[in-house]
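Chains as they are written, first to last, in my numbering: chain A, 22 to 136; chain B, 2 to 112.
Worth flagging that the hints you see were computed from the coordinates, not collected in a lab. Watch out, some of these pointers could steer you wrong.
[Said to hold, decoys possible] No more than 20 Å apart at the CA atoms, straight line, and that leaves these computed lysine to aspartate or glutamate pairs for DMTMM-like: (1) Lys99(B) with Glu65(A); (2) Lys16(B) with Glu68(B); (3) Lys99(B) with Glu123(A); (4) Lys124(A) with Glu68(B); (5) Lys73(A) with Glu123(A); (6) Lys99(B) with Glu74(A); (7) Lys10(B) with Glu65(A); (8) Lys62(A) with Glu88(A); (9) Lys99(B) with Glu77(A).
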Amino acid sequence: ETGVTQTPRHLVMGMTNKKSLKCEQHLGHNAMYWYKQSAKKPLELMFVYNFKEQTENNSVPSRFSPECPNSSHLFLHLHTLQPEDSALYLCASSQDRVGPNEKLFFGSGTQLSVL
Amino acid sequence: AQRVTQPEKLLSVFKGAPVELKCNYSYSGSPELFWYVQYSRQRLQLLLRHISRESIKGFTADLNKGETSFHLKKPFAQEEDSAMYYCALRLDSSNTGKLIFGQGTTLQVKP
Numbered sequence: 022e023t024g025v026t027q028t029p030r031h032l033v034m035g036m037t038n039k040k041s042l043k044c045e046q047h048l049g050h051n052a053m054y055w056y057k058q059s060a061k062k063p064l065e066l067m068f069v070y071n072f073k074e075q076t077e078n079n080s081v082p083s084r085f086s087p088e089c090p091n092s093s094h095l096f097l098h099l100h101t102l103q104p105e106d107s108a109l110y111l112c113a114s115s116q117d118r119v120g121p122n123e124k125l126f127f128g129s130g131t132q133l134s135v136l
Numbered sequence: 002a003q004r005v006t007q008p009e010k011l012l013s014v015f016k017g018a019p020v021e022l023k024c025n026y027s028y029s030g031s032p033e034l035f036w037y038v039q040y041s042r043q044r045l046q047l048l049l050r051h052i053s054r055e056s057i058k059g060f061t062a063d064l065n066k067g068e069t070s071f072h073l074k075k076p077f078a079q080e081e082d083s084a085m086y087y088c089a090l091r092l093d094s095s096n097t098g099k100l101i102f103g104q105g106t107t108l109q110v111k112p
């Protein structure tokens, strides 16, 4: 599949579990992002990676741990989450870090429920 | 603090009526603004960006620095315009690609 692919589409986990979200892009982009979309809040940027290097951590709790082994793959490792972490987690990519002419390409998201 | 405000959660209009989706921002620097759209069962995607001064699918948006607004407009709404619309602000001081999104407005175009 071309574009930005996220797996799994849905995830239910307990507060003591450890799970990982995966994002893959086949667009040849250099920048990748994790966003969180909660029911009553705007899309919140979590992390930005550019050429595999983390360039932004938007004060995200340490129970969320990103990993970017290469420019095509991005993971979000989850451990000891709280019910309030339940949300849609969106991955996005762009050719380079977002500038006035850059645009984000989004995945379909992983709907996470923490019990 | 930098912020993007979309005051309307839902905007419902009839087909053929004009549409204006409001977006206001709070930022002391030079803003770069975008509109993203999410159609039913589709991914969030870029609709237009202010720097391009483009018209996409009949939509336009003008940056008004005096009013700190970037409202999205279309003279005649179509049913296929029904979607969730997000206004987004990029901080020019950011070298990290940080985009701040508004809460989104659902546009419902009735036949």
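Do the hints match the structure? See the list:
1. Lys99(B) with Glu65(A): Given pair Lys99(B), Glu65(A) holds - Cα atoms ~10 Å apart, limit 20 Å.
2. Lys16(B) with Glu68(B): Roughly 29 Å between the alpha carbons, so the hint for Lys16(B) and Glu68(B) is violated.
3. Lys99(B) with Glu123(A): 12 Å, holds
4. Lys124(A) with Glu68(B): 25 Å, violated
5. Lys73(A) with Glu123(A): Holds: Lys73(A) and Glu123(A) sit about 18 Å apart, inside 20 Å.
6. Lys99(B) with Glu74(A): Holds. Lys99(B) to Glu74(A) sits at ~15 Å (cutoff 20 Å).
7. Lys10(B) with Glu65(A): Since the Cα atoms of Lys10(B) and Glu65(A) sit roughly 17 Å apart, the hinted pair holds (cutoff 20 Å).
8. Lys62(A) with Glu88(A): 25 Å, violated
9. Lys99(B) with Glu77(A): 8 Å, holds
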